[in-house]
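**Q** Residue numbers (our numbering), protein chains in the order written: chain U, 1 to 652; chain B, 1001 to 1362; chain G, 2001 to 2384; chain P, 3001 to 3329.
Rather than coming from a laboratory, the hints here were simulated on the basis of the structure.
Each residue gets a CB set at the ideal place from its N, CA and C atoms; glycine is no exception.
Treat the hints loosely; a few may be bogus.
Said to hold, decoys possible - Derived CB-CB ranges, DEER-like:
1. G:2043 with P:3113: 33 to 43 angstroms
2. U:441 with G:2246: 55 to 65 angstroms
3. G:2219 with P:3256: 13 to 23 angstroms
4. G:2359 with U:52: 54 to 64 angstroms
5. P:3109 with B:1099: 13 to 23 angstroms
6. G:2205 with B:1236: 39 to 49 angstroms
7. G:2132 with U:441: 15 to 25 angstroms
8. G:2219 with U:381: 41 to 51 angstroms
9. P:3079 with U:465: 54 to 64 angstroms
10. G:2205 with P:3079: 31 to 41 angstroms
11. P:3094 with G:2208: 39 to 49 angstroms
12. P:3079 with U:383: 45 to 55 angstroms
13. G:2132 with U:381: 25 to 35 angstroms
14. P:3094 with B:1174: 52 to 62 angstroms
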Amino acid sequence: MASREEYDMTYLFNPRSRRGVHAFRLAAVMTTAVALIAAPAYAQQQAPMLDALVEDGTLPPVEERLPDNPLVVEPVDNVGEYGGTWRSALRGTGDNAWIARTVMYDGLVRYNRAWDEVIPNLAESWEVNDDATQYTFHLREGLKWSDGTPFTSADIAFAVELVQDPDYPVGGTFMTDPGNPMTVEVVDETTFTFTFENPKGLLLDELASVNGSTLVSLQKAYCSQFYPPYNPEAEQMAADEGYEGWAFMMEDKCAWGQETQRWANLDLPFMNAWVVTEPWTGTASRVVFERNPYYWKVDTEGNQLPYIDRLEMRVSESTEEITLMALNGEIDFTDRHIATVANRPIFFDGQEAGDYRLGTEVQSRSTSLVLQLNLNHPDPEMNALFNNRDFRIGLSHALNRQEIIDAVFTSQGEPFQPAPRPESQFYDEEMAKQYTEYDPELAVQHLEAAGLTETNGQGIRLMSNGEPVSIAVDVISALQPEWLDILELMQLQLAEVGIDMEINNIDRTLFYDKRPSLDFDAQVWAGDGGLDVVQEPRYYFPANAESVWAFAWQAWYNGTDPEIAEEPAEWAREQMELYDQLKASGDPAEQERLMVEILDIAKEQFPLVGVSLVPNGYYIAKNNLRNVPDEMKQAWLFPTPAPYDPFQWYFE
Amino acid sequence: MTPLTPMDANETLLRMENVNIVFSSPDEADIEAVRQVDFTLTRGKTLALVGESGCGKSVTARAILRLLDKNARIDHGRILFSADGGEPTDIAALGSDSKAMRSIRGNRISMIFQEPMSSLSPVHTIGDQIDEMIMLHDDVEQKSARERTVELLDQVGIPGPRQRADSYPFQLSGGLRQRAMIAMALACKPDLLIADEPTTALDVTTQAQILDLLRALQAEYGMAMLFITHDLGVVAEIADEVAVMYLGDVVEQGNVFDVFRAPQHPYTRALMSSIPRMTRRAQRERLNPIQGNVPSPRNRPEGCAFTTRCPHAFAPCSSVHPGRTPAGEGHWARCHLLTHEDAPRVEGILQPGVPAIEGDRA
Amino acid sequence: MAVTTHVPVAAEPEASAERRAPTGRESQVRMTWRRFKQHQLAFVSLWIVVLFYLVAVFAEFIAPMDASTYNPRYTYAPPQGIHFVAVDPDGSWHFGPYVNGYKTEIDPEALRRVFTIDPEVRHPLGFFVESEPYRLLGFIPMQHKLFGTVEPDAPLYVIGADRLGRDQLSRLIHGTRISLSIGLVGVVLSLVFGVIIGGFSGYYGGWFDGAVQRVIEFIRSLPTIPLWLGLAAALPRDWGPLQTYFAITLILSLLGWTELARVVRGRFLALRTEDFVTAAQLDGASDYRIIVRHMVPSFMSHIIAATTLAIPGMILAETALSFLGLGLQAPIVSWGTLLQDAQNIRTLAGAPWLLSPGIVVVVAILAMNFLGDGLRDAADPYGR
Amino acid sequence: MLSFLFRRLIAMVLTIWAVSFVAFAIIQLPPGDYLTSYMASLSAAGDRINPETIAALRERYGLDDPYVIQYFKWIGGIVQGDFGESFEWKAPVTDLIWGRLGNSILLEGLAILVMWLVALPIGIYAAVRKYSLGDYLATIGGFIGLAIPNFLFALVLMYLWYVYFGQTLGGLFSPDLEGSPWNLERILDFLAHAWAPVLVLATAGTAQLIRVMRANLLDELTKPYVVTARSKGLPEWRAILKYPVRVALNPLVSTIGWLLPTLVSSSVVVSVVMNLPTAGPLLLKSLTTQDMYLAGAIIMLLGILTVIGTLISDLILAWIDPRIRYGGR
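Hey, can you work out the whole structure from these sequences and the hints?
**A** Okay, structure coming up:
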C-alpha cells in the first residue's frame, strides 16, 4: 500500500505547466536528435560484474541487451565509474516511499532535473491532439524487462486493463478517475493511444510524477497468469495457494507501482535500473537491489547505466539507529526521517568523522504550519466565528512569528502565509506577507471587530452565546515534532489576546477519521503547494480532501461524502469554476491566468493562517558519492532524489 | 568456684568450666543468657539439664556443638572434651566452622532436636540425610553408607527400613521421624549424644517408646548423653545426674537420687513440689506452684537469679551471686542459705550450724 | 522482568527466643519504627521520598518558572550552575547566590545557538522573589516563588534549557507532580482492590479463595505489555489530557492489584490461625470487625511496605508507556514525557542535561525501593 | 500425580479460551479498523481510493461482520493453526511471527540466563551476610539497574558505543548472516550483536531476582534443619548450599515458566530502540496500525506461552519439591 511516512505529498504535474506542455513537441524533436548521435557511434560498455555472465553466455552481449536507441543521460558532473554499493535505510515496514524515490521512478516520461520540463523516458516521443483528449506514445525499439523479454505496448494495455478492473482495488490514478474515463488502444509493438472523454491537460505531468510507475510496472507475460480473463485457472490457483481470491494473489505476486509487496516477489520483472535480489518481507532486516543488466540508459560515452552495482537498504524501526549509522558514515545517501531541523547540528558536526557532506534541499512546501480552522464547523456559533475574516486576521496578528522562528527554527525562515514560494512564478509578496506582523493591539481590534468584545474571569473572550472562545487544534506530533512546538508557543501567544487554544496531540487514524464527520475545530498540517501551486491548490481553494479547512465544500466539489457535502460560499464556488476551466484548458498561459485569479480570491478571503517559510532541508551524502547536485528540489510528485538520476551517481 | 582438676581420663568425657554465653543485638545492651555454667559429663552416663523454658538449656547444649546463632558468643569459660581419653580439647577455643570442630560435630558429639519435622530437610529423603552423615565422617561410598543407614533405621525400630530410607520426613509419623533423627545422630557412634527435649513434641506413649529406645541404645553404644528437658518425670526415668538451671545459672547439680531426695536449692525444691506425687488422698498435699514468673535476663538481679521468687530470700541474695556449695558427694548448689550463719532456717536444707539428719551425708 | 515474588509467612525461629522476650512488650508500631530507624538506607530514603512529595505538592511555588514559559533566545541553553562568591576585577568580594548570563550567537551552518557563559554578567538570586501571580494547587493565589532571579526577566537555567528555551529544572519539578501522583493514585487503586479481594480470600479461604486465586492467576497470565499497549491504544483518542491521565493510572492499577492481593492474602492466611484472632472469634466479634479492628492493623506495615514497593513499578511503567507513545503525551509535563524529549541522539550529543529526568527517576525509584524494603524488614524482622 | 496433571490441563484449556477473548477484545477495542488507518495513509500519501473499493475490501476482509462472527471465524482458524493474514503484509501471520518469536525467546532466554548467573550468587551472599556492606552494595547495584528506564539505558549505550568505539549497535545479526542457517559463525555474530540488549535487559531484571532469592533464603536460614545440617559437621557453606538454598530455590525455579511470556513482551522497548527483529516491535506496530490478526495472534501466543509456562512451573515445582509431588502439607 502507499507510504505511511510521506507528509509532504502532493500530486500531479510540474510547476511551470506552460513550459511542460511546450515540452511535448520540443522534447520529441530533441530526443530523435539525441537518438541519431547516440546510435551505435561506438561500442557500448558494461559493468565489470556482468562480464563473466556474458562470457558464459548466461547474458547476451550488452549491444543486444540495450534498445536500438538507448536513452543517453548527461551526467551531472562527469562520466563515472562502475561499482559500489549505495547503503541507505528504510524506516520500518511502511517506508516503500523511499524505494519509490530511488528505484521505481522510471515511467513513460520523466521530469528534467530543473523540474520545469517533461522529457522522454521509456517513451521516446508522443503526440497530443489539440483538445488534449488523445495521447499517442512511441516506446523505444527493443526495450527489455529485467528478465530479458521485450517490453511492449501490450504490457501497458494490460496494466490499464488490470487497474481498471472494478474487482481490483487500485487507488486513484488517471486510469480510474470516474470524472474522466479513459481507454487504451494498442497500435503496434511500440505504439499505443490513450483516449479521454474530457480534455486531460495534465496527463503528462501525472505520468512524469511519482505515480507514473504504476503504468509500467506490470509485465503481461508474468502477471496475466494470476488474472482470470487470461488464465481460467487463476481463481483455482489462488485458492490452492490459500488466497481468498485472485485479487489477493495478484496484489501479493504482482503488486503495482510502489506497493510494498512489489519487493517481496523476486520473480517480478522490472524496467528499473536495479532489481530486488533480497526481498522485503515482514521479517527482512535489509532489502537489496542489484543492477538490471537490461537497463536501457547509457551515459554520453555509451556506458550502460547504472554505475552503482548494488543498493542495500537496512530495515530499521529505530530512527536513532539510522541516525547513528549516518553519523558513522554507514549511509551513502539519504534525506529522510533523520534529516530534520533538530538533527542538523549533530550531522553538521559529524561530517568530518563520518566522511559525508550535507547538501541543500529546497522544499516545495511554503509555510511551516497552516492553521486550518474548520470553516464548516457543525456548531453555528463557531462556524460563524471561523468564517469571520476579521477573526482570522486577528489570530494572525496575534502571532509573534519571529519568536517562533527563533525558537523552533533557530531563526531560519521568515514570516509566511500559505502562499506560493518566492521560487514560484506565482509568488505574490503581498499574499505571502499580509497580516504577518506581530501587533497585539491590532489583533485585539480585529477580534473585537469580529464581535469578541466581552471577556470572562480568565480574560478569555466570549462568543455571543456567552461561551468562551476555545479552539481545540488537532496535530500529529509523530509526523513533525516542530508542529507541536509551534503550537505550544502559539497557545501562549493567543492567550495574550484572550483566545484559548487546546492542543490535541492525536494519532493519525483519528486525525483522518474526524474529517468526514466535520467533528473538529481546527487541524494543522504543513504548507504544501508552495512550488507545485497548480497541482496542489489545497490551501488556495477547497480543492480536495486535504482541504480540511473546508471539507464539506470540497466534498460538494468532488462529489464525495454526500452526507456532509455542503454548497460552498460564493467566493469558493467562483474559485472552483475557475479551476474547472483550468483543468480543461490545454493552453498554459490561460492556465496561469486562471490560477492567478484563484489565488487573488484566496488572498482576499484569507481563509488560512500560516506561520513561517519552510527553511531549506538537507541531504546527507558520502564524500565519495559523485554526480549528486549540491542543491535539489524536495517534493513528492517530483520524488527527490530520483529525478536527479541516481543511476548516474557513482563512487570514486 | 572450684579450681580446675585434671580430667580423669576414664571417667570424665566433657566438662563445662565457668562458661557464660552472651547475646548481643544491635539495638539493645548485651544479655548474659548463661553465666558460670559448670558441669561434668561422665562416660556412659546421662546428665539431665532441667529448667523452665527460656532458662538457657538449649543455648548451653548448642554451645557444646558451637551451633550458637551469629548474635550469641561464648564470652569466657572452657568446654573441655576428651573423646579418646587423651589430651582434652577446649571446644570453646575452636573456630565454630574449623575443621577440628567439624570433625567433632556429628562424629564424636551428635544432637537430636525437639522438632523432628522441621529439623529434617523436607526435600531430602531420610536415607540421603543419614548417608551424608556417614560419608562425611568415615570415608565410605554411598552404597555401603546406605547399608549402614538401613541397619541404623532397623536398629531404631523403623519397620521396613530399606523402603523407609527412601521416604521423605513428611511421609513419616512424628515418632518415626524422631527415630530417624536418632538413627542419624547415632550414625557415627558418637561418644556424646545431646538430646534437646527430644520427646516434648511427641504424645505420651511415643515419648515412652523413644525414651526406652534411647536408654537401650545408650547402653549398647556406651555413650554419654546430655538430656535436656523441663519434665522432671522424664529426668527421673532416664538420668543418672541432674543439673537444674534457672535463668542462665546452674543452681544445683548432683546425682538424681540425691537431688530428688534432698533438693538443696529453693528453686529445685519448688520444682519438686510442683509435680504431683502418687499418694493416698489423706496424705495428699496441695501442689504449690512457684509464685511469680521468670523475669527477663535483662533485669536479672545482681545476686541469685531466683531472689525475686524465692520464699526464703534474705539480705545478700539480691546483691551477691552465691558460689557453688557442696551438699554431699558430687552434689552441690548455689544458695546463700547453705553458707550464711544468719540465713533464715529452712527445714531440709543443710545449713551451717544445723545438724544433718542421719543418712543425709552419704 | 516480572518474577513472581514469593511471600513468606513470618516464621519465628527457636534460636531467637531469648531475643524476643524483652521486645515483646512494645507496641507493634513503636517496635516497627525502632527497627526501621536502624535500617539507615531506608531511613535516608524516607526523607528523600518525603522531599519528592513535598516538591510535587508545592510544584508551582518551588519551580522558578512555569512549565510552559519559553524563551526563543535560550533554546538548548546549557546549565548555568549557581555561584555564591564573586570577585570583581578590582578585587572586591561579593557574597550571595547568583547565576551568570549568556553570550549567544547563531551558527547558521550548523543551525544552532552557541552559548558561552559570560562571567561579567551576574544575575543575583533571591528567595521568595516576586513573580507573575499564580494559583498554588490551582486555588491558592500567590505571587512569590521559592527562589529566582532578582531582576524579573533575567535568564535562570540552573540545569539548562530545553529546545524551546524552557527551564528544565522547572519542568522537572512540575513533572514530579504528575509522575508521583500517577504512581500514588495507581497504587491506591490497586490497594483497594488488593486488600479487599486478597483480604477476604485469605480470611475465608475455601472456594472463595480458590476462585480469587484462579482470577489472579488468569490476570497474571495475560502478558502485561501487550495488555498496556492494547488498552492504551484503545483509549478514546480524542480524550483530553486529564482523562487519558486517569485512564492510564486505572490501566496500570488494573494489572497491579494482583501482587498486593497476594501479599495481603499471604498475611491473612498466616494471621487467621493466630490466637488473638481465634480469641476474637470466640468472643463472637463480627468478621468485618475482626478483619478491620484486629487483622488489618497487625500488618498495616506490610501493606505500606508492599505499597511503597509498587509505586516505582508504576512510575517506570508510565515512562515506558510514554516512550511507546501510548501513555501521556506532551504538552502534559511528566517525567515520562520529559524523557520522551530526551530520547534521541541529538539530545545525548548536544544537550545531555535533558537526561536529568532519567536521573530523577532513578533516585526516586531507588529511594522508594529502599524505603519499602526497610518498612518490610521492620514490619517482619524474623520473616526477612 | 496424573489427576493433578489432568486438572491442570483442563484449567489450561479454559484459561487459553479466556485469553482468546481478551486478545480479541484488545484488537477490537480501538475505534475504526485497519481500513480506516489504511485510507488514512493513502490520503496522506496524496492517493485517492474510491469508497466502493474500500467497501469491497471491508466486505472481503469480513470487517463488517458482527464481532461474534468475526471472533468465531478467527478462533476457528486458530484451532486449525491458521492465525489469519496480516493486512499490512498481505501475508499469513504465521510466516511473519515465528522467526521473530524465535529471536525474542533466544534473546530473552540469554538475558534470563545471565540474570540467574549473576543474581543467585549475589542473592545468597546478601542473605547469608545480611546487612553487611556486601549486602548493601548488591542491593543498591541491583536497584540502580532496575531503576534506569530500559530505553534510556539502551540509547545511552548505543550513543556512547558510537562515540568511543565508532560502531553502531543494533540488530541481532549482521545482514549477511540474517537468513543463513545456524553455524558457528552465525552464533558468534549473534553474540557479538546480542550482548548489548542482553546487558540492558539483564540489568533491569537482576535486582528483582536478587531480592527474591535473598528473601526466600532468609526465611529458610532460620529453619531448624539448617542447625541439624551444621550439627552433622558439614562445613558452613556446604550446609547452606545443600539445604536452605536448595529449598529457597524452589519458588524461584517455579517462576521459570512464568518467565516464558515475559520473554517476548519485556523486550518490546529495547527492541524498538535497538531495532531488534523480535516480536515486540511487530506487536507494537500491528497494534498501532490495527493490523488485527497479526496483533491478535501475537497476544494469543503470549497468552498460550504463559499458560504453558505456568504448567511447566507447576511440573518443575512438583519435580523438585517432594512435598508437592506427594501432596504432603
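**Q** Does each hint hold? Answer for all of them.
**A** Results of checking the hints against the structure:
| no. | hint | result |
| --- | --- | --- |
| 1 | G:2043 with P:3113: 33 to 43 angstroms | holds (37 angstroms) |
| 2 | U:441 with G:2246: 55 to 65 angstroms | violated (41 angstroms) |
| 3 | G:2219 with P:3256: 13 to 23 angstroms | holds (20 angstroms) |
| 4 | G:2359 with U:52: 54 to 64 angstroms | holds (59 angstroms) |
| 5 | P:3109 with B:1099: 13 to 23 angstroms | violated (42 angstroms) |
| 6 | G:2205 with B:1236: 39 to 49 angstroms | holds (45 angstroms) |
| 7 | G:2132 with U:441: 15 to 25 angstroms | holds (21 angstroms) |
| 8 | G:2219 with U:381: 41 to 51 angstroms | holds (47 angstroms) |
| 9 | P:3079 with U:465: 54 to 64 angstroms | holds (58 angstroms) |
| 10 | G:2205 with P:3079: 31 to 41 angstroms | holds (37 angstroms) |
| 11 | P:3094 with G:2208: 39 to 49 angstroms | holds (41 angstroms) |
| 12 | P:3079 with U:383: 45 to 55 angstroms | holds (53 angstroms) |
| 13 | G:2132 with U:381: 25 to 35 angstroms | holds (32 angstroms) |
| 14 | P:3094 with B:1174: 52 to 62 angstroms | holds (58 angstroms) |
Of the numbered hints given earlier, the model fails hints 2, 5; all others are met.
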